[in-house]
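Protein chains: 4
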Amino acid sequence: MNSGIYRSRLGKPLDKEAAKFLSSIRDDSEIFLEDILGDEAHSIMLYEQGIIEREDLKKILKALEEIKAEWLRGEINLKVDGFEDVHEFIESLLIDRVGVEVGGKLHTGRSRNDQVALDIRLKVRKYLLEIWNELIDLMEIILTRAEEEKDTPLILYTHLQHAQIGSLSHYLLALFDHLLRDLERIEDCYKRVNKSPLGASAIGGSILPLNRVRVAELLGFEGVVENSIDAVSSRDFALESLSASSILMTFLSRVSEDLIVWSSSEFGYIELPDELASPSSIMPHKKNPCLLELIRAKAGKICGLLTASLMELKGIPIGYNRDLQEQKSLIFQGLKETLDILKIFSKIMKGVEFKTERMLEIISGSYAPAIDLAENLVKYLRISIREAHMIVGEIVKEFAEKGLKLKDLNQDTMKDVARKVLGKELDIPNNVLEIIRDPSKIPSKRVSMGAPNPRDVSRMIEDRKNILKEKKKILKNILKTLEEREEMLSKTIKSFIEDDLASH
Amino acid sequence: MNSGIYRSRLGKPLDKEAAKFLSSIRDDSEIFLEDILGDEAHSIMLYEQGIIEREDLKKILKALEEIKAEWLRGEINLKVDGFEDVHEFIESLLIDRVGVEVGGKLHTGRSRNDQVALDIRLKVRKYLLEIWNELIDLMEIILTRAEEEKDTPLILYTHLQHAQIGSLSHYLLALFDHLLRDLERIEDCYKRVNKSPLGASAIGGSILPLNRVRVAELLGFEGVVENSIDAVSSRDFALESLSASSILMTFLSRVSEDLIVWSSSEFGYIELPDELASPSSIMPHKKNPCLLELIRAKAGKICGLLTASLMELKGIPIGYNRDLQEQKSLIFQGLKETLDILKIFSKIMKGVEFKTERMLEIISGSYAPAIDLAENLVKYLRISIREAHMIVGEIVKEFAEKGLKLKDLNQDTMKDVARKVLGKELDIPNNVLEIIRDPSKIPSKRVSMGAPNPRDVSRMIEDRKNILKEKKKILKNILKTLEEREEMLSKTIKSFIEDDLASH
Amino acid sequence: MNSGIYRSRLGKPLDKEAAKFLSSIRDDSEIFLEDILGDEAHSIMLYEQGIIEREDLKKILKALEEIKAEWLRGEINLKVDGFEDVHEFIESLLIDRVGVEVGGKLHTGRSRNDQVALDIRLKVRKYLLEIWNELIDLMEIILTRAEEEKDTPLILYTHLQHAQIGSLSHYLLALFDHLLRDLERIEDCYKRVNKSPLGASAIGGSILPLNRVRVAELLGFEGVVENSIDAVSSRDFALESLSASSILMTFLSRVSEDLIVWSSSEFGYIELPDELASPSSIMPHKKNPCLLELIRAKAGKICGLLTASLMELKGIPIGYNRDLQEQKSLIFQGLKETLDILKIFSKIMKGVEFKTERMLEIISGSYAPAIDLAENLVKYLRISIREAHMIVGEIVKEFAEKGLKLKDLNQDTMKDVARKVLGKELDIPNNVLEIIRDPSKIPSKRVSMGAPNPRDVSRMIEDRKNILKEKKKILKNILKTLEEREEMLSKTIKSFIEDDLASH
Amino acid sequence: MNSGIYRSRLGKPLDKEAAKFLSSIRDDSEIFLEDILGDEAHSIMLYEQGIIEREDLKKILKALEEIKAEWLRGEINLKVDGFEDVHEFIESLLIDRVGVEVGGKLHTGRSRNDQVALDIRLKVRKYLLEIWNELIDLMEIILTRAEEEKDTPLILYTHLQHAQIGSLSHYLLALFDHLLRDLERIEDCYKRVNKSPLGASAIGGSILPLNRVRVAELLGFEGVVENSIDAVSSRDFALESLSASSILMTFLSRVSEDLIVWSSSEFGYIELPDELASPSSIMPHKKNPCLLELIRAKAGKICGLLTASLMELKGIPIGYNRDLQEQKSLIFQGLKETLDILKIFSKIMKGVEFKTERMLEIISGSYAPAIDLAENLVKYLRISIREAHMIVGEIVKEFAEKGLKLKDLNQDTMKDVARKVLGKELDIPNNVLEIIRDPSKIPSKRVSMGAPNPRDVSRMIEDRKNILKEKKKILKNILKTLEEREEMLSKTIKSFIEDDLASH
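Protein sequence lines, in the order shown, are assigned to chains R, Z, C and P.
Each number in the working numbering corresponds to the 1-based position in the first sequence with 4 added.
Each number in the working numbering corresponds to the 1-based position in the second sequence with 4 added.
Each number in the working numbering corresponds to the 1-based position in the third sequence with 4 added.
Each number in the working numbering corresponds to the 1-based position in the fourth sequence with 4 added.
Careful, some of the hints might be misleading.
For chains that are exact copies, the list does not tell them apart, and a pair is met inside one copy or across any two.
[As the list claims (entries may be wrong)] Think about it this way: if two alpha-carbon atoms lie no more than 27 angstroms apart in a straight line, the pair counts; the simulated DSS-like pairs of lysine-lysine are:
| no. | residue 1 | residue 2 |
| --- | --- | --- |
| 1 | 195 | 130 |
| 2 | 354 | 401 |
| 3 | 199 | 476 |
| 4 | 476 | 347 |
| 5 | 401 | 16 |
| 6 | 16 | 424 |
Hints listed in this document are in silico derivations from the structure and should not be mistaken for laboratory results.
Build out the structure end to end from the sequences listed, making use of the hints.
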């Protein structure tokens, strides 16, 4: 089989080292099947439009199905020299099998420019749907854990310092709500990805009567990227998918950071199951949260791939430029990593053990109830929060110096401090101090919407269950439509091939 | 007026240099008005919920309105030392005017954490709407130019080499279609931005009966960011807005590159009006496309701001961390630059002169019709495109060596070449060669959807006009709703203040 | 005073909005003085080469000195409309004062392209020297603290898990050694920055007999950037300075992370002085490490500025392009932030209180001595480390389950475990277990070079003191040379001006 | 062979999916040989220090040499499941062959933390030397071409507009000078890379008497990374190598942009040899500069890898964290791409055909001599450059409107224009206009240092030849030293193994 089938004008074959540098074929295993899919839909349309003969179509489809089967059986080695890409390789395979007079018709009205745009869209579409699915899985696991931990109080941190007493369930719901927006971004992006560029040819369309809508239909797209320049030149849809991934992964890096800090022996809030932890080669006592560290790091990698992708596009002319080849593999790599991370993250969220006793222990010694105490002063004494803040701030300062705990505060001390900082006599009713006696009860006192009050948390869990159900349904419908289209294409192919078998 | 009103617990004032390093107040002029808006809505709600007295509310609103008026008259200097941020500054101003017993109530049930999240959302919302509006303006200008240039043929380039003959109008429509998706991304992002975080307090809500939905309504939001941790911790909405900007700006850098190349004397496709060009300090003959170069560069800057924003968030704990302060100004800077660039770009697209004669001149000497010629071989001889490619490729090779033009090709030469490369005798009907005789007519021969055929281009222009009308309507409705809410809030404020005046 | 002095060829003034967009004048206050310095050196050379008259030189220098004085007194407002940059502004000021026939000679043999390259180099040089100086300060503080804490044991962490017992002093020395390499990078970069581009003119030099070496000498440079294209086109020196900053800042973000984690109440290793900590507006008990969080975040910002700078250069033509203007302010911003961060970081390292008792407390309950115990088995029993690892690993596993401490281990248990995991009878001499009895003594047992052994630490401290002394000397010499050259230039200027005064 | 040899403490094997996610083994083929080198040097030192027996050393070395040989023959498949990395894999292989009692001694006094730091340094060292070598090759080619084109005038562009007339040789020398600084950066970085971290153990050194200096010597390092924390924790050396690459590649992206623009038919300055150009699959006439486009794009990729590397390090604790594993492969990838690009770029610079006639043709119609004309007015009339600029600017404006060429200018027109714009009568001597009569002679009139004057260009070529010679010598010496050390290690190994053979 010969490479170089496109070099009609060029006098010499491509320099060997240059060919190796230029070729994307090593990365193109990602889109081998997508390329064949596109070939098949395109050639069916060519026949339907009267551009090629039925007999040619049959031969082409038969050969393509064989090539696909060989590929799936691992019989085709892509690491071949001399081919610029998978498009040239498959066309060459085809021509090798059915001759240039028939096989040479596959590429009618098509260029590698619209072809590769198609393959990328098919592949990004696939990744987005898989990410979508994994996100739903992860959200489901988080919801389950949130339901289990409804009664687990937890210090909420700001600046890694004790802020307010909350609950683990409420913390988990915060993760859920962010992931829900990540899911929405994937959905929004999907709309812009799921359009067919095929039929744009090199950049300016064709004088042949191509039916672009028909090809789109056969491949499960919702419409075409209409303008032919736009179709071959634009990669905004790919950048958008990587942006959505980067935002998602940056968020997961933050959750990972929390879990890494929580798994330190000083915090001791969680323990990873042994099968998700790593040892040291030299320190016999080690149990390291390596998976979480890798996720944290990979957020950096994915954002770096986004940077690279943006930078590769920056300042290049409109139209197809070879720069776009280089971007292709970055996008796939970023989406694939995202998918892998989501799977591992789900495993961790499912398996992690929450050490609720330790969480309680930390709460019992914390000054975090100070804010609730200050708000109680507002509530019962109707003084301003700024005054309440001054009183409680002074108390914490004195207690911290003396090593006292907040729950040991009594009315007299509070009156003394109020006199000192405000110059006022305050009457402190008993119920003001009640709140600091049992810090673990504080969440149930919070009445603002979306706070860790167990009643509100329960309501939010139910609400999120319904949202998730809805999101699952949407995904299911999309997958169903795609399956139907795939089946339709598959049947159409079979009908042409079998017709061929029958007539011989 | 004293700074340091929050330092109840801390024994010493903030170190002076540290204060300067820490303070965001120099950047906070961006959100001065947003902060007051939030203050007003919040304090009205506090009164409505029975948390503060009507008399207090009046004083607070009156003072805030005064501060706002002074700010708008430029009487307030934000470059003050000692304040950590605009939140502390405005609260201090208020306390200074109405005393800590009243002014100190403003911050009831609120923290700077939810407050700054509110301000950012209000500001990002404003920027998105302005960008939205500018995008529509730019698209309108492009559409007008596309209509003017319907009959202007233009070489379409891939790899900066002549690819196919197209039309200027079709090229401009490609820009339109990309910008339309950019607009959609802004719309999608807006949904996630336009939610109120207020009422989340520090991170875990409040024991006071705050009405979060009411505050959201007064400020024109569509709902709240429910979970209190999520409300203060998440910045995905800001990252998303900057991602959308980065994708848009990367695209504009590509259009700018085209225009810079086109303005070279070697291409000579465009001339910038003198008022949009720059001279040299030493070279008297220069007329430089500096605006376009800056736009190209600023794409790099905005993507760098996105990188910085992602990196600042990467690996920090969930919850509010001071890292988020640093990110705030990057987001605003990125969105502001985007807005400025769009305005300048519109001006350029409106003012640029297209040198259509030069475009024609280049076409007349181009080998770009080669593809149409090859497709004509497919159409009339029904040979494969691969064979046609070989024939025409060989012709171009020979012609290029001899310095011949494609339009000089005749049937005999073609037959000779076909014999040579395919070993076949081909009968070349006359109409095969017709297409290369007048290259400027080629676009009208392209019949695939979305190609530069003038008929299809006209259809697409009409279609895009309708789309743009629709998009304008959506924006108008949003702006109207926001105005109504603003008016409602304004009236509510006035009713409380006037009531105060009446009662004295 | 008129702007637009360069628009000889262009028929219309620059559009007002475009001028605002285009102008760098708001950022150019950074290089106002540098620009005048360059003007002065350049005009002296012009006279010395016989290109301008002595009388012209006098007038030019006198006016420039006046402008400089006014600038330093804050009498010149750069926020003026209509000027593209500080170069045009200062030349216009000059012409306004001494007329176009004299003032118009300043720009002889020069272009803004080489002029701005000069200004950037002068400014980057200044920043590098300041960073250099701050680095030395910080390293000195770290060394002082390291000396104070020579006897403070500290858990060393890997994966945020207890790894080995080390010492605080040794930890601080690790910071020193990294910063030393950061310093070297600044030094290396400085060599490439400190060269004069002036005399390259627009891009191709001049037909006038400029003396480039003389200008370089007057401005304190070590030589010229010889090739004129290279001189105006290249910005590698600026990228390199920002790379060095990014690497340094990424490192400081890691140290900051450690200190933030250490300041959590769960770790409790450090306490920030009140004057370097921040409160909460609502939580009266808070003491937040905001400075450290900002430093961590600003690492992201600086790396983002590097990304932006690289991206702005990517793919633009060789030669001066306006894209370079946009990059200029990013570089300055990045270096300025680096400088500010170093100052604050020094303050923190100086002021932070190390809670050595807490460090000891954590050590006493840690399994970190496991590695030393395993190495003792190797040392005394000469079994393989892999076998020792298995024994001690099993011990930790059992002890952790039972809640036992490592120091409670006895010979019998060890023998039992050895039998269990290796199937061998081991004779455990008493001195094997000695090491785990007092974990705080472990560092003194480590004998490999560069380990936290107090003797080795002392040696390294002395060694680093000498290195620092050397580094100070190098910097001092550079500063001295620059001062001498400045003085020389200043005297030369005065001699021409006074000559002028004398003659009237 | 069993994996999991480090899991002494952990009750369960690593989850299978987690293992796949965690494992770096697929990337580790990069450092297989480096890892064995380190093993060998380390075990020799262990014996020399009396830590292991001579008999053990022999067995270990023999087995390692066998493993190395098998690897080189391709008999070892790294794509194995269950191993976390190449370190565990090779140790397991060893134990499998010589038993845990002997093989288990290899890891004495060592951790994967210092081991992987060693491997990275060995590999980065190798890449830097190769890049160094390729840079020298490229610079040599450029110098050769510069010598060939000494008499080829070329328009120099700023803003992609004609700026000044220069020469191709001078342009090529500008590339050389930039690359020389790139080379210096590699040299500077090399100093910091070429140090041994081995002997730092996990993070805090060892109680065993390791000889770190000896290991460094055996491996060709210039000294050790002394502080044990620094040795395992720091990656600044790797970031620096990638920064240097990014700066270099950003520069090459600019040169590529020039060449891409020059290869457009509108410019027509260069033609790529057919064996370095690419065709289109559908457009028979195409000859695309794909290699250059890929280089331009890959600059974006490498900068993105730098961003990713910085981001992965940002904010992680000091000490070894698994995040560092993720960074490792990014560094290698970036350096490898840099190397490949340099090779291809050399090929292009060697093969590209410069179309000097076209360069001359463009010059003949250019207004670029305007600057020389203005300077001539300064020179002969001693008017100010600002006045000269106004005169010539007006001339160009009028000529451009009328379509006239600058060389057609006569004295009368010039006098008229001078009168018009300056209101002065100027006497224009004949020699003022001489310079514009033959634009190709202009470079020879430029007398400022570093300008495209052929005499100066010749001098610079000779000078650069000497510099290159010097640089070659430095590299040669380094390579020689490394070879000697390698040989020394190799002999030492052999002596131990053969001794073993003799004694049996």
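Unmet hints by their number, sorted upward, for this structure:
Going through the list in order, the structure violates no hint and respects every one.
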